[in-house]
Amino acid sequence: MPRRLLVPRPPRLLGATRRDLLLGAAALCLPACDSARPRAGFLGAMERFNARLEAALFDEDQLAPEPPAEELTPPGAYPQYFISEMVPVAPANWTLRVGGLVTRPVLLTLEDLQRLPRSGYRLRHHCVEGWSAVASWHGVRVRDLAQAVGASPDARFVEFRSFDSGYWSSWDRPSALHAQTLLAYGMNGAPLPPEHGAPLRLYAAVKLGYKMVKYLTEVNFLPEPTGGYWEDQGYEWYAGV
Amino acid sequence: MSAPDSRRPQPWPIRVAHWVNVPLLVIMAMSGLQILVAYPMLGPQGRPADWYPLQGVPPPEWARLGDWLAGARHWHFAFASLLVLNGAVYVLYLALSGEWRRRLFLPRRDARDAARTLAFYLRLRKHPPSQGLYNGLQRLAYTGALVLGLLAVLSGLVLYKPVQLGALTAALGGYDTARALHLGVLACLALFTLGHVVMVLLHPRSLAEMVTGGRKPDA
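Residue numbers (my numbering), protein chains in the order written: chain A, 21 to 261; chain B, 20 to 238.
Bear in mind the hints are in silico, worked out from the structure with no lab data behind them. For glycine and all other residues, C-beta sits at the position ideal for the given N, C-alpha and C. Incorrect hints may appear among the rest.
[Said to hold, decoys possible] Just a few of them, taken from the derived set where beta-carbon distance is under 8 angstroms, the chain B residues facing chain A:
#1 Pro63
#2 Leu88
#3 Lys180
#4 Val182
#5 Gly185
#6 Gly203
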């Protein structure tokens, strides 16, 4: 014989139980604040506001201070990040392809790049994970490359692609053309080691680490942003420091 | 001092700012701890800060919000601006309404009273000094919490824009120092909140006043 359970009837508000209303309120809030999809709802709107604020705060003339040499991160302690399962190694005939909205698209060998004006900086690296590290980098500034290939003013974004399992990122033009944004082929006075992105990587003072693509194969000057490896998984696209 | 004395203990702008602060601080603390999980050390990479007792220990899962680093950063940045806005409205109201006179710690006026109140709490004195809305020790605590809030915002700005706000970064001793300071401020604010809640439990009328505003002293 089925037993009747003595459960008091929940109070109703306009036909809905209080539980319904609470669930409804929670459901309204969920798409607004969904950590797995931070581009949606309220968090997404605030992220777009934040990106505009970051772009407004960006000052192209503001240079990052160079830390003193004694703050250099000891060899081996500088993190080595890549997406592939093994350290990615460049093919023997490696070249950098520069294209998009440019008057002179080119394929550049490492020797070609080394003939372009050389710049170098010692900079503090800011990782999204919260740590920082110091190294010096030398190579070609993206602004010098943009001038060499005749990048169109319509190219308001620059995309960097790599042979590290297709890792890539796209940047706003002002950050890419910042004086301390380099296509680096050297680190701490020596040729760039494979663990740090050889033969060529992006290095900048004005972005978080995941924006600085290693193992470069392509630089494209584009009219629209194209997202990025981590950016498409939810990390901030602008990611300025 | 006659005008403030005829005020209700807790005018509505104070109450609104106070209660808005509660969920905002909880969200900031929890998403901040989730961010810390990504690198639960305070030194630069390769050189941990040895003075930090919880070096490398991730905060407990129940205290975190945002599921992963990217999600937690979105929560943290989205609600940081609301927290700053609430704090700015509160400080502006304190300044314009004159409420700062009965709430902020003014050393010449409140130092002796604060010492006597502390002596009373430590059972070194039999009777508390007579007090108006707040005693000197309370004023010291609330003013300290405001200073902590300011430090949280300044060190947070350094972590957010260490290059664009380079002067502020240098003033706070660099990026890694600012990160340690940011976590230290959270610990101090958590201790303040704990003490605050204990005192409210001992004096429930103050909770009622923070909800209703309380009665005017002359009513």
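Hints, verified against the model:
no.	hint	verdict
1	Pro63	holds (5 angstroms)
2	Leu88	holds (7 angstroms)
3	Lys180	holds (6 angstroms)
4	Val182	holds (5 angstroms)
5	Gly185	holds (6 angstroms)
6	Gly203	violated (15 angstroms)
Hint 6 alone, counting from the list given before, is not met by this structure.
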